[in-house]
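Enquirer: Each chain is listed here by its residues.
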Amino acid sequence: MPKSIDKKYTDPVGKSVPRIDGKGMVTGQAKYVYDIGFANMLVGKMIRSPHPHAKILSIDTSKAEALPGVRAVITAKDTDKIKFGSNEHFFPHTIDQMALESEKVRYIGDEIGAVAAVDEETALEALKLIDIKYKILPAVFDVQEAMKPNAPQIHESLNNIAVILPVNFGNPDRTLKEADYVREDTFYTPAAHHACMEPHVCVGQWELFSNKVTLWASSQAPFKCREALAKTFKMDLNNIRVIKMSVGGGFGSKLEMLPMDFSACLLSKKSGGLPVKITYSREEEFIASRRKHGIIYKIKSGVKKDGTLVAITGEVIADGGAYCSYGPTVLAAAIMRIFMVYQIKHFRITGYRVYTNTPISGAMRGFGGVQAGFAIESHMDLLAKGINMDPVEFRLKNITTPNMTTINQMKISSNGLRECIEKATAAAEWNKKRGQQKSLCRGIGIGIAADVMGSKMYKSHESAGSIVKVEEDCSVYFFTGAADTGQGSNTALSQIAAQELGVSYDRIKCTSGDTETTPFDTGSFASRVTFISGNATILAARDAKNQILEIVAKEHNLNRDDLDIKAEEVINTKNNTTLMNFEKAVELCFSFNYGKQIMGRGSYNPNTTPIDFRTGEGNVSGSYGFEAQIAEVEVNKETGEVKILKLYDAHDIGKAINPQSVEGQIEGSLAMGIGYTFMENLQFKQGHVANANFAHYRLPRSIGIPPMESILIETNDPHGPFGAKGMGEASLLPTSAAIANAIEDAVGIRLKELPFTPDKVLKALHSINKK
Amino acid sequence: MITLTINTQKYQLDLKGHETLLEVLRDHLGLTGTKTACEEAECGACTVTVKGKAILACITLAASLDGGEVTTIEGLADGNQLHPIQQAYLDQGAVQCGFCMPGMIMSSKALLDQNPEPTQKEIEYALDGNLCRCAGYPKIFEAIQEAGKIMKEKNKKIN
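Chains as they are written, first to last, in this note's numbering: chain A, 74 to 844; chain B, 20 to 178.
These are computed hints drawn from the structure, not numbers from a lab. A quick note: this is a predicted structure, and the numbers were derived from the prediction, not measured. For glycine and all other residues, C-beta sits at the position ideal for the given N, C-alpha and C. Where hints are given, some of them may not hold.
[Unchecked claim] Covered by chain B, per the in silico footprint, the following chain A stretches (three or more residues, Cβ under 8 angstroms): (1) 96-110; (2) 114-125; (3) 314-322; (4) 561-569; (5) 653-662; (6) 729-738.
[Said to hold, decoys possible] Think about it this way: if two alpha-carbon atoms lie no more than 30 angstroms apart in a straight line, the pair counts; the simulated DSSO-like pairs of lysine-lysine are: (7) A:K96 - B:K35; (8) B:K70 - A:K104; (9) A:K136 - A:K104.
With the rest of the complex left out, here is chain B:
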């Protein structure tokens, strides 16, 4: 039995031990927002965050996170209010088929939480593990820059 906190919700999971975090999220808990396009750490569609760091759920054993906290795409919005990154992706037209979006947005979050004013190079490096076949990346870059500005503004207000 392991304990995982996913998007602030606590789960007690009876696992065999070999399940990946991806299997737990999608197959056990029905959190299908997290995708995968390869199941071998090449596409980034399964990116979630643990302690603010982007990790790949497809190659992470769920049991290795016992007692830990995971944030998935489902945990980003605040009630009906989209997270600034989600809103920026929408506003900048960065969304096409949407299948890579959950992973792309979680990688963006890991980046912007650390560094709300990333340079173009820093954005490119942060997203290098996330494949997008539709949009060709420019609008994704714009969305991240835009989201960074809004997040910085928000933090200012809070502080």
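Just chain A, with the same shape it has in the complex:
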């Protein structure tokens, strides 16, 4: 019997339906890898380097192996010594990390091996018995020191600059001379940490005789993880299964296979096939997952008196830590994001991605755009000030428009940036407040941004697959390779599937991110899932619908093209009559005569071109998203504390598939932006992470969260699923600059180094008072 369905969930696109997996999360029944266990499961621990830079002379594991309860110890000699990394397609020389290092260690925490034992106590005891002899090498921690020719050499490359990325267009030197006003600023942004509530955790199992590896992983990109495991184990993709469960946050840190994933599997093999669980402690999470690049952003621009931006030059130096990870493309994104926002003809910024003996920098929400956003949007305000122009007017004069091609060949279709700026400034009463509240030490500032929805940066294609399967009782299975890590993609994609199939959202069950049972998907990054996986989902649902309608057409001697399914009804579009309901149609498909299983499939690869890194040209994304943000602040001149009175975020999201979920992404981004602006700073002392816990690495908490207003701008993108665009990152990009700009409006100081701790604010106040 078909189950009863709730009519309020027909036509679900655009409705704030409850999360498909929400009940499990509010009852504690949702299962994370952190929660799972198997009979006879072993506990794995990583053997890590205590030195920031050293040569490994010898490794003796015999004492650890002899300890009762220890089941396996692995080091590089148990591996094929194959390097892995994340930018293999475009920067093959940056594939520089071994799953287990055998000759050299490059940061405190670098993985040398792993142990598996019957319990945690024994595993920790075994770690103490591992005897490794090192030759300590001179280390370098500061990014500018590391660029010097005589700096200690971290990899076997020419120097510590892993990637130099010059991006050139037009003739900026000549046009700068023609500008009415030129200024140069340097901005400093620190390393930061993702701080997912669920740490990195995995269970690996190697079935010895069938040679099958299964990894339960807290992953944002299970298929990418599988690819790296297959490469480093020299195995076929279909011998490796990566299963994602509920994931307690990712923010970019769970995009890659880590040595722990590799080690859990290999420890399992060496211990005879027992499952091995490795759970990062919070301290390990801070040290040996991934971190945000600290960036020095030097930018020089020229403008005409009328506000036209004529040329930009600059230099971007990114502190990469010990290995490349996603670094080269983070650097590229930090330089090239500006083309989506401002119309520029003459441009030259050269980027450097530099090795240091510190934890590994990789992808973090915003992908270089947070650091760039702070620099560029602060600099734009300073340019506007230099020619006595209102910063909003200045931006409106220079922003990109709908249906244009940027200097580096990005093809922008829908573009709601102007509307975002207008709506945000209207909501915040910009004209009334700007420059008017100095007596109260209050100010208002703006920042704008744009983002991609997907980018072919990790491999040549960016395909997503979906399957929609209708069961005999009219319930619907939806399979996607996309990984929901909390952002709500399982819900949004299920809404898209239900809408296109023409059924109620509550018919749908979603299975996601299992490399054996779901189609391929590159993963949750670059704000791509709604757009790319969403399009694949439309195709799959449409295919399923076609299969149903073909049978209905045949049975009733009608033309299939005249039929459609909408809101649970099969309709004849020719005369707009209802033929039957969805349940009757499915009954027909599974009837004696037809016996047809309904399985729709969809594969979508955006019509884009990867960036040519020699020229900087490429239409990386199928569409582009935009947003404007306004901060209102009050500065306490006595204490240096800055209070945010309110944040406004107007966001061109194409179409809100689930408005509540969109707001949730915006609010979460703003909170993260507040953290990065005022407190987050991963600090290193001689290569040690000095604040590897929540007591010393402060995150935004409930006290101090300001009111936030989200304004959703729907531009109905021609390429987006139901007009939707991705939006998981853009709201984080301009927050620091909007706040910095508001602080200047309030008290006349310009802060160029994040985070804005009270001491920096007081110092800046003191220095203007001296003048």
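Add chain B to chain A, keeping to what the hints say.
Expert: Positioned in the frame of chain A, the structure of chain B alone reads:
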């Protein structure tokens, strides 16, 4: 041997003595709804209630609660019926990755049982020990206000 009543179920536990309540819940009893993200009283994900008060299971010795009653996230729903706080978190879209949710909801319960009409300030103070990295808190604040209203209505009906 100690006795603990967890979500109205009585357990006799043979402990060594040094086990935290968190270890007992997760490792001994398989009640993995209670999470932890730090194990050092910084994140609040392990919040449970004892006599209506929110406590952190990661720094509470299980033996110190001998004879006591503990409520965890698993004990909140009434059969298939979600507790109004759980329903409000769902309805207000306060859930993202969900990992902080059990602790967040238990802190909310401790607050609302005492004070069903908390001010914004009171909510902020009650949740200050619970970290959320995804949702940025506004929808959590809304959920608590909403749940408070429903709980007050319900209490009225009972009385």
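Enquirer: Report the numbers of all earlier hints that the structure fails to satisfy, in ascending order.
Expert: Per hint list: 2, 4, 5, 7, 9 violated.
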